[in-house]
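**Student:** Listed below, chain by chain, are the residues.
Protein chains: 2
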Amino acid sequence: MVQEAFGHEFRRKHFTLLDPSVILLNHGSFGTTPTCIIEKQNEVSLRHEWYPDYFETFEVEELYRKQIQSLSDYINVDARNMALVTNATTGVNTVIRSIPWNFSEDKVLFHSTAYEACKNTIKFMAEYFGLQYDVVELNYPLDDDEVLSKFEEKLSNKKYRLCMFDMISSMPAVMLPYKDLIKMCQKYDTMSLLDGAHAAGQVSLQFLDELQPDFMTTNLHKWLSVPKACALLYVNKKHHGMIQTLPISWNYSSDSCQPRAQPKTVEDRTHNDNLLHNKFWFIGTCNYSQYLCISEAIRFRKEVCGGEDCIRSYQEKLQKKAISAVIKEFGPGSVLLQNEGNSLVSPGLFNISLRLGDKYKQLEEKLINDFNYFKKMRVLCARLTMERKAYIPFFYHNEKLWVRFSVQIFNEIEDYVIGARIFKDTLIEVYDRELASQPTQEL
Amino acid sequence: MVQEAFGHEFRRKHFTLLDPSVILLNHGSFGTTPTCIIEKQNEVSLRHEWYPDYFETFEVEELYRKQIQSLSDYINVDARNMALVTNATTGVNTVIRSIPWNFSEDKVLFHSTAYEACKNTIKFMAEYFGLQYDVVELNYPLDDDEVLSKFEEKLSNKKYRLCMFDMISSMPAVMLPYKDLIKMCQKYDTMSLLDGAHAAGQVSLQFLDELQPDFMTTNLHKWLSVPKACALLYVNKKHHGMIQTLPISWNYSSDSCQPRAQPKTVEDRTHNDNLLHNKFWFIGTCNYSQYLCISEAIRFRKEVCGGEDCIRSYQEKLQKKAISAVIKEFGPGSVLLQNEGNSLVSPGLFNISLRLGDKYKQLEEKLINDFNYFKKMRVLCARLTMERKAYIPFFYHNEKLWVRFSVQIFNEIEDYVIGARIFKDTLIEVYDRELASQPTQEL
Chain A
1 MVQEAFGHEF RRKHFTLLDP SVILLNHGSF GTTPTCIIEK QNEVSLRHEW
51 YPDYFETFEV EELYRKQIQS LSDYINVDAR NMALVTNATT GVNTVIRSIP
101 WNFSEDKVLF HSTAYEACKN TIKFMAEYFG LQYDVVELNY PLDDDEVLSK
151 FEEKLSNKKY RLCMFDMISS MPAVMLPYKD LIKMCQKYDT MSLLDGAHAA
201 GQVSLQFLDE LQPDFMTTNL HKWLSVPKAC ALLYVNKKHH GMIQTLPISW
251 NYSSDSCQPR AQPKTVEDRT HNDNLLHNKF WFIGTCNYSQ YLCISEAIRF
301 RKEVCGGEDC IRSYQEKLQK KAISAVIKEF GPGSVLLQNE GNSLVSPGLF
351 NISLRLGDKY KQLEEKLIND FNYFKKMRVL CARLTMERKA YIPFFYHNEK
401 LWVRFSVQIF NEIEDYVIGA RIFKDTLIEV YDRELASQPT QEL
Chain B
1001 MVQEAFGHEF RRKHFTLLDP SVILLNHGSF GTTPTCIIEK QNEVSLRHEW
1051 YPDYFETFEV EELYRKQIQS LSDYINVDAR NMALVTNATT GVNTVIRSIP
1101 WNFSEDKVLF HSTAYEACKN TIKFMAEYFG LQYDVVELNY PLDDDEVLSK
1151 FEEKLSNKKY RLCMFDMISS MPAVMLPYKD LIKMCQKYDT MSLLDGAHAA
1201 GQVSLQFLDE LQPDFMTTNL HKWLSVPKAC ALLYVNKKHH GMIQTLPISW
1251 NYSSDSCQPR AQPKTVEDRT HNDNLLHNKF WFIGTCNYSQ YLCISEAIRF
1301 RKEVCGGEDC IRSYQEKLQK KAISAVIKEF GPGSVLLQNE GNSLVSPGLF
1351 NISLRLGDKY KQLEEKLIND FNYFKKMRVL CARLTMERKA YIPFFYHNEK
1401 LWVRFSVQIF NEIEDYVIGA RIFKDTLIEV YDRELASQPT QEL
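Keeping their order, the protein sequence lines are chains A and B.
Going by my numbering, the first residue of the first sequence is number 1, and it counts up by one from there.
Going by my numbering, the first residue of the second sequence is number 1001, and it counts up by one from there.
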């Protein structure tokens, strides 16, 4: 079978639900779903309406099991350690709120560039119940060794019960040395929770069964073509007893507060093998339709796209050209966020800095120091770039303005040329308007 | 405008997605959604795919606000105290897991007939973190006074921080004297959490602003025609600061651990008025499509059905005839679950006992005493009744077998005649097979 060419023609054929006038350079935030998979979702929804009693009592469970099995076969991860949740934030919440914490003693570690909603989850546990936490400050660019030594500085005190870290952070979009971090957690007797929000569909997940971290969650709607919103939660088998669904539902099993020992008898093993399935397949009346499209998403990626290697090969080639094109558009002083080991950039995401003139110095200082002010300006800019059909997210990190670009199989090089130009012009327009509206001393 | 006649013709016109051969007598478990509302949901989903960045950043918030406002106008409850969650179990979890419990002191009260998933939530908090709880045993039929005095016996000790109780229980489907229970909780300084899973669309919710309980949650997909799954969470304004979304997300505000005082300044009031909205409108990438169909569901109920009074009037008339018909089909000894004050039965739900012959005495004793055995038999029976397109849920309560019937605007009296007959025949078939398969002494 000859692989169809990726790019705009591919988009016109397979992403027909997308506004054709949009230059889509922010696949990373919400994902973009091929039409055939949304059609499958509609089919499942109609099946649900056909006889809701039958669907919820008998059909969902087997369909759920099949999705887990398809995914297991595709990503090479043991199906018994897999459950489905709504999104990675829900995955993180499921874990953090399933641990029988000793609030007066337990401490959690995470890094400053972790996802806001996940940091908030730990802050909530701290402010409401007294869970303690500590933060590893990460200011990029950083080499993997630097990241690791910053974590080790904390972890080597052996006082952390859990360490949460990203596989690929959101903003800045950078890869962390997650395999080494798993081993480091194991060395220092700390549970590892990997936030792989951007992982599935960008990097291989085969390391899970090999390295056996404690927990990992990854969105399937971002980079694996599943409809919004669906995520995988990987749970190390030693925690199957402890972990509980969010919300707690019908299948909560009351004897599972303490982590289960390794299975000893055949019966126990059978029980253990089905434990995650039994808890997670039904968590009350929900719209399960997006969960039940995983097989179709995998079929699309295998049959239409030619598999993960084909997808990544296209992304990598396009990314190289896109980086040059954006740097050229952004002009002098703009650089790719990368380290010496070239380990920060993932196939689908890269960040380029944008250096504005001295005229904006005071304004940018205020934006860097006042996050609420930045949020206000970000909304203004987002609204205008969306009107111009070329929204791209931006942020300040380590005192620089960075713009995050996504690379997908429907993109072509001209998206980056035009998108970067519209973004830069719009940002300057918004900043100029802001400067004009205020006396300088207010900035 | 002349109101269209309810019944089978109405079903053929407005519930076209439902398998026409199904005798639908279990609307109560999952809800049944009119076609026009599912069509609206598809429209919203397509809008989401058209430009996901724009939809999630700008459109969802205003659409969410409009749904809350429509619902507020329709049910006469202050919009500022309303938030949307996935289902009532999620609503209960949101509350139970947002309270900064003092685990070594706090105690919760609920009743034995509460919904299993909600009881599990409290048991989880007990087993994982040490929250204490106590249970009011309810064995129906009971007069409201009896229910109230059972609660007062416990509550008058003033040792409970929160009391969770149903408005209309699931199985048995009976109404509780929830208004009096709210007042009783207030008298004894206990927070009230109403599980109104079956309330919206069956009973008026106007009491919320008048009696001001602490928390109430009610599914909108069961009896208010909204697609699966969507529920209202009512939060008394004094708890807007404390309550947090499930999962914790972007809009968690860290200064809200302690319940906020009454607003004192204009700024504070404005803040307070938008606080629930600000927290709940966005909890990460989700399928929001069902939430955004509330206005359409209300339009259907107003314009097509003629409003809540018309719906209830049809339900009540049909229910009277249905009760007689089922009792006749079930035969001698079968009764309606009702008390002397006639306060147990809600417009859409009633329970009829089914008395089987002495032949089944030992089998039924085992079913009553061994819940796992009952679950096994229930599945066998459910599968067969669903194959015969006439599933109705049944359960043992207070040593009797009860069957729960729903009454909806698409039902007619013959549904109950045929449905009851198929149910009874199937149950006996399953029980006979079970008796035949086992030596008597094993039962």
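Treat the hints with caution; some may be incorrect.
Under the rule of at most 30 Å between Cα atoms (straight-line distance), these lysine-lysine pairs were calculated in the DSS-like manner [said to hold, decoys possible]:
| hint | chain 1 | residue 1 | chain 2 | residue 2 |
| --- | --- | --- | --- | --- |
| 1 | B | K1119 | A | K238 |
| 2 | B | K1389 | A | K237 |
| 3 | A | K123 | B | K1375 |
| 4 | A | K317 | A | K361 |
| 5 | B | K1237 | A | K123 |
| 6 | A | K238 | B | K1238 |
| 7 | A | K66 | B | K1238 |
| 8 | A | K119 | B | K1389 |
| 9 | A | K154 | A | K66 |
| 10 | B | K1238 | A | K123 |
| 11 | B | K1107 | A | K66 |
| 12 | B | K1123 | A | K119 |
| 13 | A | K123 | B | K1389 |
I should point out that these hints are in silico values taken from the structure, not numbers from a laboratory.
**Student:** Are the hints correct? Go through all of them and say.
**Tutor:** Right, here's what the structure says about each hint:
1. Taking the CA atoms of B:K1119 and A:K238, the gap is near 26 Å; set against the 30 Å cutoff, the hint holds.
2. Distance check on the hinted pair: B:K1389 and A:K237 sit about 40 Å apart at the alpha-carbon level, beyond 30 Å; violated.
3. Between A:K123 and B:K1375 the CA atoms are separated by roughly 41 Å; this puts the pair beyond 30 Å, and the hint is violated.
4. Restraint check: the Cα-Cα separation between A:K317 and A:K361 comes to about 36 Å, which exceeds 30 Å; the hinted pair is violated.
5. Only pairs whose Cα atoms come within 30 Å are accepted, and B:K1237 paired with A:K123 is accepted, the gap being roughly 23 Å.
6. With a C-alpha separation of about 42 Å, the suggested pair A:K238 and B:K1238 falls outside the 30 Å cut-off, and the hint is violated.
7. Annotation: proposed proximity of A:K66 to B:K1238 is violated, straight-line Cα distance about 46 Å (limit 30 Å).
8. Distance restraint check for A:K119 and B:K1389: the Cα-Cα separation of roughly 49 Å exceeds the 30 Å cut-off, and the hinted pair is therefore not satisfied.
9. Annotation: proposed proximity of A:K154 to A:K66 is violated, straight-line Cα distance about 42 Å (limit 30 Å).
10. For the hint pairing B:K1238 with A:K123, the CA-to-CA distance comes to about 22 Å; that is within 30 Å, so the pair holds.
11. For a cut-off of 30 Å, the pair hint linking B:K1107 to A:K66 is broken: about 42 Å separates their Cα positions.
12. For the suggested pair B:K1123 and A:K119, the alpha carbons sit about 27 Å apart, so the restraint of at most 30 Å is met.
13. Distance check on the hinted pair: A:K123 and B:K1389 sit about 50 Å apart at the alpha-carbon level, beyond 30 Å; violated.
When each numbered hint is compared with the structure, violations occur for hints 2, 3, 4, 6, 7, 8, 9, 11 and 13.
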